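Number of protein chains: 2
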Amino acid sequence: MNGSSSAQQVHIALGERSYDIAIGAGLLDDPASFDAARAGTQALIVTDATVGPLYAERLARVLARRHPQVRQLALPDGEQHKSWESLNLVFDELLGSGADRKTTLYALGGGVVGDMTGFAAACYMRGVPFVQVPTTLLAQVDSSVGGKTAINHPLGKNMIGAFYQPLAVVCDLDVLKTLPPRELSAGLAEVIKYGPIADMDFLDWIETHVDALRACDPAALAQAVKRSCEIKAEVVGQDERESGLRAILNFGHTFGHAIEAGMGYGAWLHGEAVGAGMVMAAELSRELGLVDAGFVQRLTALIERAGLPTRGPVLDAQDNAGRYLQLMRIDKKAEGGEIRFVLIDGPGRAVVRAVPDALVRQVIDRCCA
Amino acid sequence: MNGSSSAQQVHIALGERSYDIAIGAGLLDDPASFDAARAGTQALIVTDATVGPLYAERLARVLARRHPQVRQLALPDGEQHKSWESLNLVFDELLGSGADRKTTLYALGGGVVGDMTGFAAACYMRGVPFVQVPTTLLAQVDSSVGGKTAINHPLGKNMIGAFYQPLAVVCDLDVLKTLPPRELSAGLAEVIKYGPIADMDFLDWIETHVDALRACDPAALAQAVKRSCEIKAEVVGQDERESGLRAILNFGHTFGHAIEAGMGYGAWLHGEAVGAGMVMAAELSRELGLVDAGFVQRLTALIERAGLPTRGPVLDAQDNAGRYLQLMRIDKKAEGGEIRFVLIDGPGRAVVRAVPDALVRQVIDRCCA
Numbered sequence: 001m002n003g004s005s006s007a008q009q010v011h012i013a014l015g016e017r018s019y020d021i022a023i024g025a026g027l028l029d030d031p032a033s034f035d036a037a038r039a040g041t042q043a044l045i046v047t048d049a050t051v052g053p054l055y056a057e058r059l060a061r062v063l064a065r066r067h068p069q070v071r072q073l074a075l076p077d078g079e080q081h082k083s084w085e086s087l088n089l090v091f092d093e094l095l096g097s098g099a100d101r102k103t104t105l106y107a108l109g110g111g112v113v114g115d116m117t118g119f120a121a122a123c124y125m126r127g128v129p130f131v132q133v134p135t136t137l138l139a140q141v142d143s144s145v146g147g148k149t150a151i152n153h154p155l156g157k158n159m160i161g162a163f164y165q166p167l168a169v170v171c172d173l174d175v176l177k178t179l180p181p182r183e184l185s186a187g188l189a190e191v192i193k194y195g196p197i198a199d200m201d202f203l204d205w206i207e208t209h210v211d212a213l214r215a216c217d218p219a220a221l222a223q224a225v226k227r228s229c230e231i232k233a234e235v236v237g238q239d240e241r242e243s244g245l246r247a248i249l250n251f252g253h254t255f256g257h258a259i260e261a262g263m264g265y266g267a268w269l270h271g272e273a274v275g276a277g278m279v280m281a282a283e284l285s286r287e288l289g290l291v292d293a294g295f296v297q298r299l300t301a302l303i304e305r306a307g308l309p310t311r312g313p314v315l316d317a318q319d320n321a322g323r324y325l326q327l328m329r330i331d332k333k334a335e336g337g338e339i340r341f342v343l344i345d346g347p348g349r350a351v352v353r354a355v356p357d358a359l360v361r362q363v364i365d366r367c368c369a
Numbered sequence: 001m002n003g004s005s006s007a008q009q010v011h012i013a014l015g016e017r018s019y020d021i022a023i024g025a026g027l028l029d030d031p032a033s034f035d036a037a038r039a040g041t042q043a044l045i046v047t048d049a050t051v052g053p054l055y056a057e058r059l060a061r062v063l064a065r066r067h068p069q070v071r072q073l074a075l076p077d078g079e080q081h082k083s084w085e086s087l088n089l090v091f092d093e094l095l096g097s098g099a100d101r102k103t104t105l106y107a108l109g110g111g112v113v114g115d116m117t118g119f120a121a122a123c124y125m126r127g128v129p130f131v132q133v134p135t136t137l138l139a140q141v142d143s144s145v146g147g148k149t150a151i152n153h154p155l156g157k158n159m160i161g162a163f164y165q166p167l168a169v170v171c172d173l174d175v176l177k178t179l180p181p182r183e184l185s186a187g188l189a190e191v192i193k194y195g196p197i198a199d200m201d202f203l204d205w206i207e208t209h210v211d212a213l214r215a216c217d218p219a220a221l222a223q224a225v226k227r228s229c230e231i232k233a234e235v236v237g238q239d240e241r242e243s244g245l246r247a248i249l250n251f252g253h254t255f256g257h258a259i260e261a262g263m264g265y266g267a268w269l270h271g272e273a274v275g276a277g278m279v280m281a282a283e284l285s286r287e288l289g290l291v292d293a294g295f296v297q298r299l300t301a302l303i304e305r306a307g308l309p310t311r312g313p314v315l316d317a318q319d320n321a322g323r324y325l326q327l328m329r330i331d332k333k334a335e336g337g338e339i340r341f342v343l344i345d346g347p348g349r350a351v352v353r354a355v356p357d358a359l360v361r362q363v364i365d366r367c368c369a
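Which chain is which? The protein sequence lines are A and B, in order. Everything in the first sequence is counted per the working numbering, starting at 1 for the first residue and increasing by one. Everything in the second sequence is counted per the working numbering, starting at 1 for the first residue and increasing by one.
Pulled out of the complex, with its shape left as it was, chain A reads as follows:
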């Protein structure tokens, strides 16, 4: 009846901050999915206006077996609301209901809800426990795993945040059935990225199964989520706070963040911007002689088959490359004004380095519609 027997586990090894990702069908209705949370404490489900009506009541019913009081809060929907104002709604709710230091937060939603709930948990009374219940493919394969939490600032994406690990991540594959196709494609961008940076066999597998994934085939989704989480777990386990290696997970994100900021948050989905961004980063790698044209074509074709844009938008009719460069210079990966790009150093291996502006300009000029 419930999916716990068929659930797969991926372990994130971070010493006393270690936890498991459970992946399977029907996990949302299985009380055992939430065993990592301390019973007897208060709970707050943070969700959004889209996901809340679909799943919040079901989650609340299951959590009522662990927590004497389960409250719910729906935040406004979308990347443009990943702001201090929305975050403060969580604090208002917590303080208004007398939530103490043991109150457990549940992030029920996509990346925006997960990032904001995690950051709220990191800050409320200097840290309360939280559980990720990601409901988008993007959140299940990437943003809910690894403890990066943040809100946006008008001058930059994810600029204010914390590294703060959840008690558990519960990926119920059934909820992906209600995901709009555009959101599913956006999630596939983060699945695809794991291939070029870490595992070309996985890229092969995605090429074979991309249609099944877009059709929400349960077995294909289970494998995509599991392998993505495994690769992420390995990287995060080695470099929790992104002092080095972890930056490779940002493949396509330097260009992608510029697209999101330049178009206005929410105009392009994060995964869409990463899709076009990966093509640009691959092209830049080719310019540097790190991969050949066949590799770029192969990656571009897969991104297209996933239903994602493969060309960046024009952000400035006068000086498009200049605008991209300007936006990328305030990205977190920049250091001393120098933009650091995640490049593919031969298929299946990533490297992080600076690149001369002239070369970046060429690539932007060639890769924007």
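Everything labelled a hint here was simulated from the structure, so no lab data went into it. A quick note: this is a predicted structure, and the numbers were derived from the prediction, not measured. Among the hints, erroneous ones may be present.
If chains are identical, the list can't say which one is meant, so a pair holds when it fits in one copy or spans any two.
Each computed EDC-like pair below joins lysine to aspartate or glutamate, with the alpha-carbon atoms no more than 16 Å apart [as the list claims (entries may be wrong)]:
hint, residue 1, residue 2
1, Lys102, Glu335
2, Lys226, Asp201
3, Lys226, Asp20
4, Lys102, Glu338
5, Lys333, Asp29
6, Lys102, Asp319
Please arrange chain B on chain A, whose structure you already have, making use of the hints.
Okay, now just chain B, sitting in the frame of chain A:
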């Protein structure tokens, strides 16, 4: 010429987050005081409208030897500005000036500046390094040490924050000479608290030297800061994230926070509220038979000699005790609606426990003016 040769060090042992507190005269003008900060990075001095004009230029001059760019930002002054709005001024400045992930923040000021700068450092790009340069006695003996950072929420003090350790704490005793007497007294409240909770010999010493301390005698101040930091270092080293023992450092603070919130932040100085709060907590300890009346009288007399209030304000003419209880229930130390008090369990030893409301009411009725 500089005081580094006479500087004393107190070590905070927290594994990879360990650091030193330097205590001495003239440290602000000594480049060696800031050796823990990585050279070659950008720097931002965060200060306030009172301290900035006195010391920011001097600090900037010394830091220019380590950092190619040293910017300054003065926040509005006072506890009522320990808010998201002020915190956001720091983020605006950092993002506006292109500050990267290695930018070092310097907190130059009292507890408010230290708490806000530390929290900004904890959150900016998910964490940048920072150094505490406390300029009040209160900040030198307490708030700058141990990594507690926070801002206030309209519904509660220090409700939003992080445990985030500095690279170093630099306590220049010379700057205390410009401290208004009222601020000096407020700092003495946090010095006095270490006696009853941990070291009655230190309480004896304070009784002998309280007049010298109020007169800013350098040797007395040096000893008071050093011994206070030693006790705090020992407690924090055992319980960084306040899962147990560390709560004893909040002696007097449960009542004190109610006073601050009830009067409106900034009306009473934090140390003043803690002064009256310690008398109330001592009286509560006596009601429970943990200390005798002589102990309470002795502590009360010292608090008075330090220039601090020994009676709490009336927060509500109709139901004063009810108002105190209401405010204390939303303090961080409350759990499941139960207020946990730091009590003196025999001189020099603290214990944290719940107390029946009726007893707390009696004490409040007796201890408020």
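Query raised in the report: Looking at the structure, which of the earlier hints fail to hold?
Result: Violated hints: 5, 6; rest satisfied.
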